[in-house]
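Colleague: Please build the complex by placing chain B on the supplied structure of chain A, with the hints as guidance.
There are 2 protein chains.
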Amino acid sequence: MLNPKIKIAIAGVGTVGKGLIDLLLKYKNKQTKIEITAIASRRKQEFKGGIFRNTVFFSDAKKLLKFHNYDILVELIGGEKGVSKDIVFNALREKKNVVTANKALVSKFWNQLHSLMEKNNCLLKYEAAVAGGIPIIKVIDEFLLSNKITKIYGILNGTSNYILSNMLSYNKDFKDILSEAQRLGYAESNPKFDIDGTDTAHKLSILSSLAFECYNNVSKIDNEGIENVDLQDLEIADSLGYKIKLLGITELNNKNINNFVYPCLLSKDSFIAKIDGVYNGIVVESNFCKKSCFVGEGAGAHPTATSVLSDIISLSKKRKNCFKQSFKFSYQETSLQSRFGSYYLRFTTYDKPGVISGIANQFKTFNISMKSMLQKETEIGNSKDATIVITTHNCFESNMMKALKKINRLNFIRKKTVYFRIENFK
Amino acid sequence: MLNPKIKIAIAGVGTVGKGLIDLLLKYKNKQTKIEITAIASRRKQEFKGGIFRNTVFFSDAKKLLKFHNYDILVELIGGEKGVSKDIVFNALREKKNVVTANKALVSKFWNQLHSLMEKNNCLLKYEAAVAGGIPIIKVIDEFLLSNKITKIYGILNGTSNYILSNMLSYNKDFKDILSEAQRLGYAESNPKFDIDGTDTAHKLSILSSLAFECYNNVSKIDNEGIENVDLQDLEIADSLGYKIKLLGITELNNKNINNFVYPCLLSKDSFIAKIDGVYNGIVVESNFCKKSCFVGEGAGAHPTATSVLSDIISLSKKRKNCFKQSFKFSYQETSLQSRFGSYYLRFTTYDKPGVISGIANQFKTFNISMKSMLQKETEIGNSKDATIVITTHNCFESNMMKALKKINRLNFIRKKTVYFRIENFK
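Chains A and B supply the protein sequences, listed in that same order.
With my numbering applied, the first sequence covers 67 to 492.
With my numbering applied, the second sequence covers 67 to 492.
Same shape as in the complex, but just chain A:
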């Protein structure tokens, strides 16, 4: 059952727009054929042939107001007023579906957008507006919809998190790290909304409105930013067992909703304190699932474009299947013998000369190199055993197993050697 081709008009080809085009160029789904019927972008783009062969180009997005050959408007211009607002409202009035990454617009006009959708039986989807690489809208709207959500909190702005994490790590002041973040593309040339908490407030307002089914006006959210976080405070907090993070917090409190945005101290052991760098992290508390946590890159072209494309596809296809349609890949399954990695080994031996060299000789034979060694005496009854713990550098499992087989037969070995694999996941 093939679905018809879906026509999209893309407004804005900045960071996210370019990311979307990257994904569309790579995306091959047999079910859904996405056709780009229009691209509106101020900058002249070099899109030719291939997926652009039927694309109309506009240098002014306003031209989309009179363009009708699309099913989904993909609004990636941003901003709560001007042309982005005009084309989104126009599309919904024309009963078209819209996908947007525009947090300012969605948070400010939540009620109006909702009424229009209701009236015209069309949809606006905005996964990309909150924490690009985390499907938090889907989680709240489709997974937790049978739960009563009581609280959501998290790090919703990657730029601020990058700055706070790196001030402490590199012992540098706010301004130094901000400049560095701008140079690396983690902060805009005008980073005001990222660092003063406005961006976090927009996202929080959307999460709060969705989770509590009640419009939470973004302008009523008190927000404080990180401009005044001093390196000294990060260091003192660290010495007291805390990290400082810019959080958005929304919680139900009887008949009240608390919506807060501020930098605050969190125990280093807390889940959210462990999320550093440009990552976003969100914790959702609900009556049936208790605590669910989500971590991903919050910004950046590709994670955000992944959200946009996920929304486009979910609007375009009759979700026929949660199994994929084709098993196009054929892979060879490998066995543990092929593992290449490092190992933890615990040897129990008699405490006598020659033990280490006996082990080391076998390691040499099988090309295994030691990384660390720890030895301690253990008294069991009258005999003195030695416990030797060795960690290794990477080697093949097949070699390690052969070496262990030989070692376990050596006369100083008291018990079969215990081993565990070491994984170097970050």
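Keep in mind that the hints were calculated from the coordinates and are not lab data.
Please note that the accuracy of each hint is not assured.
[Claimed, not checked] Within a straight-line C-alpha distance of at most 27 Å, the following computed DSS-like cross-link-like pairs (lysine-lysine) qualify:
(1) B/K481 with A/K241
(2) A/K84 with B/K217
(3) A/K340 with B/K437
(4) A/K357 with B/K217
(5) B/K214 with A/K492
(6) B/K437 with A/K71
(7) A/K468 with A/K430
Modeller: Then chain B, alone, in the frame of chain A:
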């Protein structure tokens, strides 16, 4: 646009089945009306009236083979053979949709189930089969579908994670903690599959098959369990900077897929090492989103039932809207003034007598109680300043702001006092 009523037949009312019924009793969605047309359960249940008024009860699930009055079969019996297999295959043959939590069945009969769905244009959904409280199937299938996934790894079994975490925390042996886990309901009376890695292998096989669009036969996965993890090794690993976790790992390696299940050492700083107790944690690495991490309760009646219900609803409703249909709640938004919590305060003062008592007096006036205090001298030019850092117990923000206003006017205060809020999130 109201959708028609959806009829479900539930097979099996054990832990997850009871959880589902709890949720259905509480679930009020204006769009979707779920009607339970049949319940098959060996134990006599006391379901009367209300949502059960049109329900037929069977003591033998086999009776469902001849029962046709349903749209979705909800199979919660479990096991890869016998009646659970028969009724699932029968339903798909009759072109009905199926929702299941049965990881053994889905992992073993992946290809056959897929062919049958393809042929009969119906669906089997299995979010509850892997990490109950984490929507990982949805993430892979609907969110990351435009990405190329390269690796998935994680803690997929809550029982094992509980045992390993608690052995170390409470300095107890495997057997002691296992008994405790059984008493608390975190481990089955027969916990074989949980602790020997079979359960993890089933789940890994599903994730691997879905992510790599290629059937990964569960019987070919080498799996090692945690039966032989000694308290001694947990302690030595800890002293070396590692934790031991039972992981499932699937990764693409050119034309090979590595599927591994074993307990391994992980740096304490790694994301996955920080997930303790009954929680599951999954990391997905992909080309565009890089690293996405998900944490939630992996088992238990309610998180798993949340997954089951999410699948039922996604099959039953025309996903009209990602905005909710009604704003039925009305909440009062509160301001920061109403916050009740603790604070971090950094005072910069002249280094002279009376400073602490001056601050303490204002605290007393506004009912604020100190938790900790730290004082250090700072030399700035010729004058000696003192930096005093105080953390407080919970108090009202309004009181704290009044106290700070008064304190900032005291003659020993050199600079406006810096404050941050402290959040006690776990």
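Colleague: Could you tell me which of the hints above the structure violates, numbers in ascending order?
Modeller: Number 6 only.
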